[in-house]
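Q: Kindly produce the complete structure, drawing on both the sequences and the hints.
Each protein sequence line maps, in turn, to chains L and E.
All residue numbers for the first sequence refer to our numbering, where the first residue is 1230 and numbers rise by one.
All residue numbers for the second sequence refer to our numbering, where the first residue is 1230 and numbers rise by one.
Worth flagging that the hints you see were computed from the coordinates, not collected in a lab.
Check each hint, because a few of them may be wrong.
Identical chains blur together in the list; that is why a pair holds if it fits in one copy or across any two.
Only pairs whose alpha carbons sit at most 20 Å apart, straight line, appear in this in silico SDA-like list of lysine to any residue [as the list claims (entries may be wrong)]:
hint: 1; residue 1: Lys-1444; residue 2: Asp-1320
hint: 2; residue 1: Lys-1444; residue 2: His-1249
hint: 3; residue 1: Lys-1393; residue 2: Thr-1250
hint: 4; residue 1: Lys-1293; residue 2: Arg-1283
hint: 5; residue 1: Lys-1444; residue 2: Asp-1308
Protein chains: 2
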Amino acid sequence: MKKSPTAEIISVGNELLIGHTLDTNSHWIAKRFTRFGWTLQRITVLRDSLPAIRDGVTGALRRKSDLLITLGGLGPTHDDMTLKGIAIALDTRLMLNPEALAMVKARYSKLEASTGLTRSRRKMATLPEGAEPLPNIVGTAPGVTIKVGTIRLISLPGVPSEMKAIFTGSVIPMLRASEAEAPKEVTVGLVGIVESALAPALDRTRKAFPGLYFKSHPRGREGGIRSLIQLHVYSVDPASRAKLDKAIAYLLRKLSKSAYSGPKGQRKPGKKVLES
Amino acid sequence: MKKSPTAEIISVGNELLIGHTLDTNSHWIAKRFTRFGWTLQRITVLRDSLPAIRDGVTGALRRKSDLLITLGGLGPTHDDMTLKGIAIALDTRLMLNPEALAMVKARYSKLEASTGLTRSRRKMATLPEGAEPLPNIVGTAPGVTIKVGTIRLISLPGVPSEMKAIFTGSVIPMLRASEAEAPKEVTVGLVGIVESALAPALDRTRKAFPGLYFKSHPRGREGGIRSLIQLHVYSVDPASRAKLDKAIAYLLRKLSKSAYSGPKGQRKPGKKVLES
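A: Dropping the structure here:
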């Protein structure tokens, strides 16, 4: 079994940490990592601060995921400092990148003739040495990519439409290379059983089916205790759907033999109600 | 000016990293930190893995925020391993806590007479040595608090209703101690100006009003370039609202003098449209 490629996300922005904006970007990207068989190891949300960005990037690079994506802080204003923080972490300098400058120029020349390339606009084309711009067809600040040893570092804007455009155009083609490794998965609903009663049967099933991954989520309530459990089963290697079904059948058998006894008049424990 | 107390959040759960669940818990808590004058320094999302939790907790403790909150992984199943990860990070052992056991017992005795305290249920009352349970009036697994040097570490369940109940009951009273330090803030909308044209005026205003914090968010589009900007201004020390208004008036004056020139027929740049 080939090891699933790994990734981390660093999301930069005070607006995320003061509770003004919910970080939906990381969630959107996480789904795509899963779809293409990648394992997202960690998400880190950082303030607009050079030491915070430097430390966050240094820590992530030390953990050596295959891919490190930063989100936010690429714009023209003073508090957009992701690339400077990356340059400090890499101990390299920031340089005006001609290719990036051409992208920014092309964008502004359409709208405003008189102001030209202000310092703020040149800032968006100033990248860490060795980096390359990724085209942004929706906004102005290009994405940025740089190779750090074995790690591919990619910086994307925080504006969701721009992030998605660059991710779709430039990052997904890279992820597709691993698509064959995509996990098989199945979700079942278990009614009338509390999570702590499920645990022993789940532990036995886990041991009987190594390589499969089980995660239970309490979803409903009965008598003050949750009793609809959503069980998510998947495999990081290309397991067949039949193997997952076998594991679930095994779990349900274990459940029906378990010591569980709910209050009278409840539905039969372990009943499977939904499957996707 | 008294330094604003600081916090970090560690959110544990594969479901967050495979894109099944959006981490709304951290966002909900972030809002409350801001409301009570606390600064949230970082959010870290980790997998259900002992080394990941150990490393995440160790790193957060090293950064010495006043408060470290972990979310998730307190339940009865095999993959709920937050407390074990914390115990490893603190180099301490896990022990059955009599007070926590009484809380778990009280919860289950209402529902099921025959099964009693299974291993899975005792697990929820097994805490790092020196920790104390926090009552969970909505679910079963108690919250957990432990003092680590100058840092208060609090572990809460990942189920939102349970997290909110314990946070409201046990954490907010702690945050309230700093309420007098709560930031004053104001948001204005600027129409008909692009972010890169705003940047120079914003930089000057920033210099003229040290202690105030400015953050611009592009929100609308005109001619393919965003041109509604939401500007969020706040102060971490108890500045008067008058001071914020003065800073905004200053910025608007700078903007009207700036070199900005939009396409003809557009609205006047720098027009303030909304305020809250």
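Q: Now tell me, hint by hint, if it's right for this structure.
A: Now for the hints, and whether the structure bears them out:
1. In this homomeric assembly, Lys-1444 and Asp-1320 never come within 20 Å of each other (Cα to Cα): the closest approach is 41 Å inside a single copy and 27 Å across copies.
2. Taking identical chains as interchangeable, the C-alpha atoms of Lys-1444 and His-1249 lie at most 20 Å apart only when they sit on different chains, with a minimum of 11 Å there against 31 Å within one chain.
3. In this assembly of identical chains, Lys-1393 and Thr-1250 lie within 20 Å of each other by CA distance both inside one copy and across copies; the values are 17 Å within and 19 Å between.
4. Proximity of Lys-1293 to Arg-1283 under the C-alpha cut-off of 20 Å is found in both arrangements, the shortest distances being 16 Å within a copy and 17 Å between copies.
5. Taking the closest pair of Cα atoms, Lys-1444 and Asp-1308 come within 20 Å of each other only across two copies (7 Å); inside a single copy the shortest separation is 40 Å, beyond that limit.
Hint compliance for this structure: hint 1 alone is broken.
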